[in-house]
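Protein chains in written order, with the working numbering: chain S, 1 to 110; chain E, 1 to 87; chain D, 1 to 301.
Where hints are given, some of them may not hold.
[Stated by the list, open to error] Here are the simulated SDA-like cross-link-like pairs (lysine to any residue), alpha carbons at most 25 Å apart as the crow flies:
| id | chain 1 | residue 1 | chain 2 | residue 2 |
| --- | --- | --- | --- | --- |
| 1 | S | K67 | E | P24 |
| 2 | D | K173 | D | T42 |
| 3 | S | K67 | D | T33 |
| 4 | S | K67 | D | V171 |
| 5 | S | K67 | D | K61 |
| 6 | S | K67 | D | V30 |
| 7 | D | K173 | S | L91 |
| 8 | S | K67 | D | L21 |
| 9 | S | K67 | D | R2 |
| 10 | S | K67 | D | Y185 |
| 11 | D | K173 | S | H92 |
| 12 | D | K173 | S | V42 |
| 13 | S | K67 | D | A27 |
| 14 | D | K173 | S | P80 |
| 15 | S | K67 | D | I113 |
| 16 | S | K67 | D | G38 |
| 17 | S | K67 | D | F22 |
| 18 | S | K67 | D | I176 |
| 19 | D | K61 | D | R2 |
| 20 | S | K67 | E | G23 |
| 21 | D | K173 | D | L184 |
| 22 | D | K173 | S | T45 |
| 23 | S | K67 | E | L7 |
[As the list claims (entries may be wrong)] Away from chain S, derived, C-beta distances all over 12 Å, residues of chain D:
| id | residue |
| --- | --- |
| 24 | Q92 |
| 25 | A100 |
| 26 | N106 |
| 27 | Q165 |
| 28 | H269 |
Think of the hints as simulated: they come from the structure by calculation, not from any bench.
Just so it is clear, CB atoms sit at the ideal spot from N, CA and C, and this is done for glycine as well.
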Amino acid sequence: MNLLLEGLSAACLLAGSFLCITGGVGLLRLPDFFSRVHAAGVTETLAAPLLLTGLMLQMDWSLDLLKVLLIMLFLLATNPTASHAMAKAALHGGQGPNDEKAEEDKGSIS
Amino acid sequence: MLNAAVLAIMVTMALALVRAFMGPTAYDRLLAANLFGTKTVLLIALAGHALDWSGFLDVALLYAMVNFVGTIAVMRFFEYGAGEEEE
Amino acid sequence: MRDLFAVAMMFGIYSLLTAALFMDLDAADVAFTEAAVGAGVTTILLLSSLRLTGRWERRPKHSPLLPLLVVGVTGAALVYGTLDMPHLGDPQAPVHQHVAPHYIENAPQEMGIPNIVTAVLASYRGFDTLGETLVIFTAGLSVFLLLGSRAGGRPRPGKTAIGEQPVLRLVVKVLIPFILLFALYVQLHGEYGAGGGFQAGVIFATGMVLYDLVFGEGDARLVVPARWLPRLAAFGILVYGSVGLYALLHGRPFLDYTVLAEDPMVGRHLGILLVELGIGICVFAVVLSIFYALSGRRRQP
Numbered sequence: 001m002n003l004l005l006e007g008l009s010a011a012c013l014l015a016g017s018f019l020c021i022t023g024g025v026g027l028l029r030l031p032d033f034f035s036r037v038h039a040a041g042v043t044e045t046l047a048a049p050l051l052l053t054g055l056m057l058q059m060d061w062s063l064d065l066l067k068v069l070l071i072m073l074f075l076l077a078t079n080p081t082a083s084h085a086m087a088k089a090a091l092h093g094g095q096g097p098n099d100e101k102a103e104e105d106k107g108s109i110s
Numbered sequence: 001m002l003n004a005a006v007l008a009i010m011v012t013m014a015l016a017l018v019r020a021f022m023g024p025t026a027y028d029r030l031l032a033a034n035l036f037g038t039k040t041v042l043l044i045a046l047a048g049h050a051l052d053w054s055g056f057l058d059v060a061l062l063y064a065m066v067n068f069v070g071t072i073a074v075m076r077f078f079e080y081g082a083g084e085e086e087e
Numbered sequence: 001m002r003d004l005f006a007v008a009m010m011f012g013i014y015s016l017l018t019a020a021l022f023m024d025l026d027a028a029d030v031a032f033t034e035a036a037v038g039a040g041v042t043t044i045l046l047l048s049s050l051r052l053t054g055r056w057e058r059r060p061k062h063s064p065l066l067p068l069l070v071v072g073v074t075g076a077a078l079v080y081g082t083l084d085m086p087h088l089g090d091p092q093a094p095v096h097q098h099v100a101p102h103y104i105e106n107a108p109q110e111m112g113i114p115n116i117v118t119a120v121l122a123s124y125r126g127f128d129t130l131g132e133t134l135v136i137f138t139a140g141l142s143v144f145l146l147l148g149s150r151a152g153g154r155p156r157p158g159k160t161a162i163g164e165q166p167v168l169r170l171v172v173k174v175l176i177p178f179i180l181l182f183a184l185y186v187q188l189h190g191e192y193g194a195g196g197g198f199q200a201g202v203i204f205a206t207g208m209v210l211y212d213l214v215f216g217e218g219d220a221r222l223v224v225p226a227r228w229l230p231r232l233a234a235f236g237i238l239v240y241g242s243v244g245l246y247a248l249l250h251g252r253p254f255l256d257y258t259v260l261a262e263d264p265m266v267g268r269h270l271g272i273l274l275v276e277l278g279i280g281i282c283v284f285a286v287v288l289s290i291f292y293a294l295s296g297r298r299r300q301p
């Protein structure tokens with residue numbers, strides 16, 4: 001395997017892993033639901049393509065490569081949508097963000 | 001490097017599991033379950049390549065789909081069954 | 001944890017973990033089924049029935065100690081039982097001595113298809129699979145008898161419980177064709193990789209359920225009306241059974257696929273394809289009709 005490809009793949013995987021763990025820690029540590037959606041949804045949307053790109057760079061040309069690409073596209077479409085829908089459903093279901101946080105985070109939740 | 005990524009995904013899954021058990025609201029659990037599902041997809045894709053499983057990508061694709069549909073189903077049925085929040 | 005919604009979600013997580021375990025045991029077909037049925041449809045059906053029964057578990061009157069003890073003893077007995085079992089993957093195990101070697105050695109030549117699971121399911125064990133399909137059909141029938149085929153009356157067009165979600169609607173609208181396409185791929189690709197009629201039917205039904213969930217109940221019922229579903233289920237069984245009867249009419253044993261074409265190999269292919277199609281149609285109709293029956297009912301006050 002090409003050295004350049006290997007390096008690129010390793011970089012992608014490392015960055016993806018880092019984002020992945022960041023999202024997990026954010027999910028666990030942040031104070032209220034909306035900030036957790038923010039932490040989990042945003043990092044996940046970048047982490048999944050990075051990890052899958054890292055994987056694709058290691059694979060040979062085959063049908064499997066195309067399937068990984070499909071998985072990536074599917075996750076790219078569904079992840080942000082699911083996060084958005086969850087945040088909206090929580091708001092609709094009467095669970096507003098904390099009052100003092102609402103001032104700072106207005107842009108990120110709507 | 002693939003192994004390191006698999007390890008990172010597993011750590012994230014464990015963190016999500018803790019949040020799923022802690023709650024406190026049902027939406028938090030839903031968020032954690034959704035994150036867990038996505039991480040399972042990634043885990044199957046990466047570990048499947050590393051360990052040379054057969055047919056793992058179909059399963060991963062199916063998971064991505066099931067996870068999405070399940071999340072929407074939970075949200076859809078929340079409001080019907082809501083009302084009294086006891087926690 | 002008395003929130004039954006949370007329990008249903010936990011069940012989904014558990015099912016995902018189980019499927020990952022199956023993948024590790026190199027049983028892609030089982031993992032596929034577990035993902036489609038256990039994590040997908042079961043969770044959705046559980047949630048939709050929770051809507052009817054209420055979300056909170058009642059506090060039990062008796063103490064939880066006795067059930068815990070019973071579960072503990074049963075679990076210990078089962079673990080004790082596994083001590084006598086041969087090790088995992090041991091070639092001397094009885095399960096690997098009976099008919100499995102024949103299947104593994106001869107299936108690719110006799111059937112001409114690489115996926116042994118499909119060969120066993122649809123051809124060697126075609127009779128058992130017919131029985132399983134009938135079990136599913138019976139399950140659908142009993143849901144009809146219990147909940148009523150009219151599915152609790154009128155649909156509510158346009159009503160979504162999760163609020164106005166234009167983004168979700170758009171994305172789902174784009175995704176649904178791909179989900180249905182994926183179901184067809186699983187249906188037809190069962191001879192070569194993981195998949196087959198059972199899973200494809202479930203995935204197809206999941207696609208329709210997704211449509212129903214996002215766009216309100218009126219729209220999905222316009223696409224696949226509830227009154228078609230019993231006929232579809234019966235039609236699926238009929239396809240399966242008539243393949244068998246066709247062989248009988250030609251003086252061969254029931255479900256002998258070689259009569260379907262001149263070349264026995266082509267006949268087997270055709271037979272497996274038809275049988276899987278029958279299973280797929282039946283499973284799709286039953287799963288969707290159970291979902292309709294559950295989601296169309298209003299909660300009794």
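Numbered hints the structure breaks, given as an ascending list: When the structure is compared with the hints, numbers 1, 5, 9, 20, 27 turn out to be violated.
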